[in-house]
Amino acid sequence: MEYLQQHLKINNMEEKSIFQTELSATSNGHILSAAKWSRFLGIVFIVLAGILLLACVGLAFFMQSGEMNDVFSQMAVTNPQFAMLENLPSSLFLVFMVVAIAFFIFMGILLINIGKHGTAYNSSNEDMAFVNTFKAAKTYFLISAIISIISILSTLISFF
Amino acid sequence: MENQSILSDQKKSMLQECANWARILGIVGLVSVALSILSVLLNSGSVGLGLAGGFVSTLVGASITIASSILLLFFYKHALKGIEAGDSYSLDRAFYNFKWYFALMGIILIVVLSFACLGSLLGGIFAAAS
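Chains A and B, in that order, are what the protein sequence lines are. Just add 11 to wherever you are in the first sequence, counting from 1, and you've got this note's numbering. Just add 99 to wherever you are in the second sequence, counting from 1, and you've got this note's numbering.
Simulated from the structure, these hints should not be mistaken for laboratory data. A virtual CB, placed ideally from N, CA and C, is assigned to each residue, including glycine. Hints are supplied without guarantee of correctness; some may be wrong.
Below, in silico cross-link-like pairs of lysine-lysine (DSS-like), each with a Cα-Cα straight-line distance of 27 Å or less [unchecked claim]:
#  : chain 1 : residue 1 : chain 2 : residue 2
1  : A       : Lys47     : A       : Lys146
2  : B       : Lys110    : A       : Lys127
3  : A       : Lys47     : B       : Lys180
4  : B       : Lys110    : A       : Lys146
5  : A       : Lys146    : A       : Lys127
6  : A       : Lys127    : B       : Lys176
7  : A       : Lys146    : B       : Lys176
8  : A       : Lys47     : B       : Lys110
9  : B       : Lys180    : B       : Lys111
10 : B       : Lys176    : A       : Lys47
11 : A       : Lys127    : B       : Lys111
12 : B       : Lys110    : B       : Lys180
13 : A       : Lys127    : A       : Lys47
14 : A       : Lys146    : B       : Lys111
15 : B       : Lys176    : B       : Lys110
16 : B       : Lys111    : A       : Lys47
17 : A       : Lys146    : B       : Lys180
18 : B       : Lys176    : B       : Lys111
Stretch-level coverage of chain B by chain A, calculated; a stretch enters the list once three of its residues show a Cβ under 8 Å from a Cβ in chain A [as the list claims (entries may be wrong)]:
#  : stretch
19 : 106-113
20 : 123-135
21 : 172-179
22 : 183-192
23 : 205-216
Using the sequences plus the hints, can you model the full thing?
Written as structure tokens, this is what we have:
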């Protein structure tokens, strides 16, 4: 009887391991660790966006005083590359800063989402938490790839 | 360790999509490294000291990008193997690379922020002294 109970117990354990839909503890640990790092990166991105916003406000005041072109013309004396910046409209810098702030905030939110859902998956093992973690990671990789492709194209253009 | 049902279909498809984009980002990273090195070599005739500084910064940037690209490509490779074969060990390896990609980015960010803080502190001290 005891032998039979033990045999049934072993069979149950085997069935559980064959048909399990959960990842191993090692995988869960790796996902949790990635989530923690991702959350840290996200928080830093949001802080950087805040610093950029402050710089943007400073730049707007600086542009109103009309000293911007003087600075560029002084810089152009030592480095001719800045002569090109002198002729650009000042509002273009503000637009560039706003785009950079929006980019940092969006990437920061994505990274925080990876962290949030990754941590939730580790504690609950819910399918949706896993899916949301990798959905955010996919979007992060996609946007990073697009930015990298744009920078490659700009490098290629600079060759000609 | 073979296990066909370790991930549900929903999980499998999202992990595969994520791994595909990770591969694309990895490949794009390697291409950008090649281009930046080419760009530095093509401009090698222009300036002496500036070139040395540019080359060092390109080298540092290139090694970081190569490391992150390799992690992403390994994530793709192992994730695909884990999804197709239901191999738990491959999935462990995939998530290990996924973790190290974010850890590498975090460590680099900490180093960059430390240098930025140190630079602004030294700049402040020199400005106050002069």
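*Which hints from the list above does the structure break, by number from lowest to highest?*
21
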